[in-house]
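Chains A and B, in that order, are what the protein sequence lines are.
Heads up, the first sequence is in the numbering used here, so the first residue is 170 and it goes up one at a time.
Heads up, the second sequence is in the numbering used here, so the first residue is 181 and it goes up one at a time.
Heads up, some of the hints might be wrong.
Calculated lysine to any residue pairs in the SDA-like style (CA-CA distance at most 25 Å, straight line) [to be verified]:
(1) B:K759 with A:A547
(2) B:K715 with A:T398
(3) B:K751 with A:E552
(4) B:K759 with A:E411
(5) B:K715 with A:E552
(6) B:K353 with B:G286
(7) B:K753 with A:Y519
(8) B:K715 with A:E411
(9) B:K759 with B:A458
(10) B:K753 with A:R445
(11) B:K751 with A:E556
(12) A:K324 with A:D287
Sample of chain A residues facing chain B (criterion: CB under 8 Å; computed from the structure) [to be verified]:
(13) E488
(14) R489
(15) L558
(16) A559
Derived by calculation from the structure, the hints in this document are not laboratory data.
Here a beta-carbon is modelled for each residue, glycine too, at the ideal position from N, C-alpha and C.
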Amino acid sequence: MSRRPDPTPPSRAPSPAPGLYVHVPFCARICPYCDFAVTALGRSGPSRLERYRRALLAEIELRAAPLAADTVYFGGGTPSLAPRGFFREIVEAAVAQGLATPEPFVFVEANPEDLVQDPGRAARWAAEGVYGVSLGAQALDDSRLRFLGRLHSAKDVEVAVSRLAEAGLAWISLDLIYGTAGQSADSLAAEIGLATDLPRVNHLSAYELTVEPGTPFGRRAASGETLTTEPDGDGLFRVVHETLADSGFPAYEASNFAAAPALRSRHNRKYWSGVRYLGIGPSAHSFDPERSERSWNHREFGDWEAAVLRDGEPTAGRERLRPAERALEELLLRLRTADGLDLGDFGSRYGESVVRANRTRFRNWETLGLVRLEGGSADGRIEPTLEGLAVADALAREVNLDALAQDRNAA
Amino acid sequence: MPSSSGPLPIERVRNFCIIAHIDHGKSTLADRLIQRCGGVSEREFRDQLLDSMDLERERGITIKSNSVSLLHEAKDGETYQLNLIDTPGHVDFSHEVRRSLMSCEGALLLVDAAQGVEAQTVANHFVAMEYDLEVVPVINKIDLPAADPERVREEIDEELGLDPFEAVLASAKKGEGIEEILDAIVTRIPPPGGDPADPLRALIFDAQYDTFRGVVLLVRVVDGAVRPGDSVRLLRGDREYVVEEVGLLRLRREPVEVLSAGAVGYAICGIKRIQEIAIGDTVTASEGAAGAALPGYREPRPVVFSSVYPMSTDEYGELEAALGKLSLNDPALTYERESSTALGFGFRCGFLGLLHLDVVQERLQREHGLSLLLSAPSVRYRIATRDGEVHEIENPAYYPDPAIIDGSEEPYIRASILIPERSVGPVMELLTERRLATSRMNFLSSRRVEIQAELPLAEVLFDFHDRLKTVTHGYGSYDYELLDYRATRLVKVDILVNGERVDALSQLVHEEKARPRALAYCERLSEAIPMHNFKIAIQGAIGGKIIARTNIRALRKDVTAKCYGGDVTRKRKLLERQKEGKKRMKQVGNVQIPQSAFVAVLKSSPAA
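Bound-form chain A, shown alone (with noise of 0.2 Å):
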């Protein structure tokens, strides 16, 4: 596989071929924040990746079907601790049974420790296909670093943001947790800058620090202790979204920056845009426009290895959405992107009545500062400002759909 060419000219949707997302459940260890379908590698590791390649394969053999997508993602987990030629082999397995366009945009997400012990490794990615990297830097302070359990340092992700740009690879993202005890605005703004000094970086995402039930962190924190920032109104989403626009890391997303329109993320943006997407490994989600369908494979390593093996069938769990579950879902999704919604293409799909139902409450929004609307009309398009991206779910949830829910009801 050869490199692709330079990204295709911006436009407001994304491409809308399907995705294809792959999930690696490793990690050399887990850290104390995430709730994520993971396990930790311990000395059986080469078995259980061997175990895990194996499946992975036959599960993209019973998924034959031409969905052509033109995106492949590795997510994880580590992805990054996959051994050599893994990616190569997954995606050319996917290219032969329909499910990936031939050169697929291939993007992996990778620990930056990975990347420092073995400098070979983000030139022999690139030699595999790999397009774009996200990196999981999480902080570039070496005692937030020890907070959050990673096993860098900040040199480490400089290190690595370099092996990544000498290796060539066209897309160098940074994931980054804010909001972790004690952290300052100006602290915050210091490491962002950190972050977006560094050469070749063109995508950040910023998540503000969550803490989970049934994560150490949700443990400690249950016992008493502070583990993030008071809550200060959205102080710190501000620093972020400020600091970052004023670097030219616009947002276009809640939690996703980009240095041009071209480099937002070109996998992601499918989730958010209503685009079929395929999603293979433990605890891997689908969506499927065409019959309004959401699917999850089994989420635990053994009963999804067993499922695909012994089964033949990875789906665990399959729900078709109602007109008002789609509408809310859709509602969520792109009230948190910058691009907002098509009110028109919306009431076409969902109802004149749904969007008249809103009108007053859409220029109250606006009135308040928390959505711009084109035109200054409630039937274009309507896009969060910054106000309301801090409080998207709560926009989402405000929407009044009582007519869809009647529809269903009857239905």
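Position chain B relative to chain A; hints supplied.
Coordinates of chain B only, in the frame set by chain A:
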């Protein structure tokens, strides 16, 4: 036990009631007297007798009077008919108390051996004296560890002017002193007077409803006699009825041939609807010269008002039905439909006082299973407008444009407050805070003081009872009677949420109280309204003038950090649950106000 029935000669009839401060043991004593005279088991009268409503038993007060005829064999060997006429035990029902007293010749004045004489004891005693009743003091609960009968004797002497050595010591709970009380009723309370040959005049002091027989009038025959077949007229109703049955109020109704002057009993006259009669009305013969009406009736006049809304708007019909049912037996309860933008449809209700309000609220909730929201209690104001008219207004919604108001008046009360001497300072301070007009102090004994205070009724509706108890360390009590209307400086305070008036929270208050009251409401509301995705200003205003303000800052970031791996289902389900919760809120402008916020703001209405 005597088993004879039928009317005894009038010399062997005694009509009496029990008057007492709340919780001094009236119902227990009544139970004991009935048990001693009727040989009834504990369970039977629990099921059938006084305080039959759960609510009454739990609160220790009798709301609706129930009466019973007892037969007692006295020491002289004769059998006496003792008619116990029950009385409601609270200041709100003072008129009902009076009506009961009018039917008696004597009263047992019950005083708690530990609590001693309280404000209501004094008030009740005055009323009994007004009707020239023979008062037998009974010191109850002498079994309590804290009982101090000697001190209470002193109080009875000094504060009530009764002979302390005539007081009977009793423990109704343990059945002690019951014989002595029965003896005192027979020997000290005079038999009723009245001439059976005079034209009929009987006072309706209560009524019951029997599904098969219709209305059952409970009457005290003052003059003349009444028999089945008689044609009678109710003076106020101006309709004639034929008496079907008269009788005594034993455990069950016990028919007799005649009820003569002095008798207490029941009469069934084929009255189908309870609305046709008025408690306190006079029954006369329809033929011949009807005597003048007995002074028993007074139009029940609500003095405390509150808006009552169902928590769930679809319970409005049930609320209406429940109020209709309650008002049948409770003519003092008034209600009219009103609507609020925030709370939907409800009723503006009138009550005799705070306790009455409390009792009605509890009955609606307990007996009818309704979940309710009540606005802050208010009084009825008189407002004179420029056009020379006077409007009676108890609902802020009808408050006229201040520009056309000439003057306002509000009701005043005379409160009788009984306190330990050392509490005089703090109580006077409390009264001054409550816009005290005048006060007079009577030193009842070396330790106890009665303050007679004139102050606005509205001032005791808000937290007064609790504050009095606090500043007197639990020893203060008060009673009040309505006096008159006096000039006041009234304003209407509105509560605005992001500039929108919340009509259910508007109130009429004295100018001086406007700012603190508005601020209290704003603060409670700002604690009870959840954060929104925008800043919310809560303001108190008089007309266009803002007098109080609090803010609810905007919701902190409310957007999930990550919609990862395409798992949108979980996120959507969370939002769906949150949306459901939102539906139960009331919308004011663009702000969602949960029911709990209204409850938090309005619950401040004190228990009486």
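Results of checking the hints against the structure:
no.	hint	verdict
1	B:K759 with A:A547	holds (22 Å)
2	B:K715 with A:T398	holds (21 Å)
3	B:K751 with A:E552	holds (21 Å)
4	B:K759 with A:E411	violated (31 Å)
5	B:K715 with A:E552	holds (20 Å)
6	B:K353 with B:G286	holds (23 Å)
7	B:K753 with A:Y519	holds (20 Å)
8	B:K715 with A:E411	holds (21 Å)
9	B:K759 with B:A458	violated (52 Å)
10	B:K753 with A:R445	holds (20 Å)
11	B:K751 with A:E556	holds (21 Å)
12	A:K324 with A:D287	holds (15 Å)
13	E488	holds (7 Å)
14	R489	violated (12 Å)
15	L558	holds (7 Å)
16	A559	holds (5 Å)
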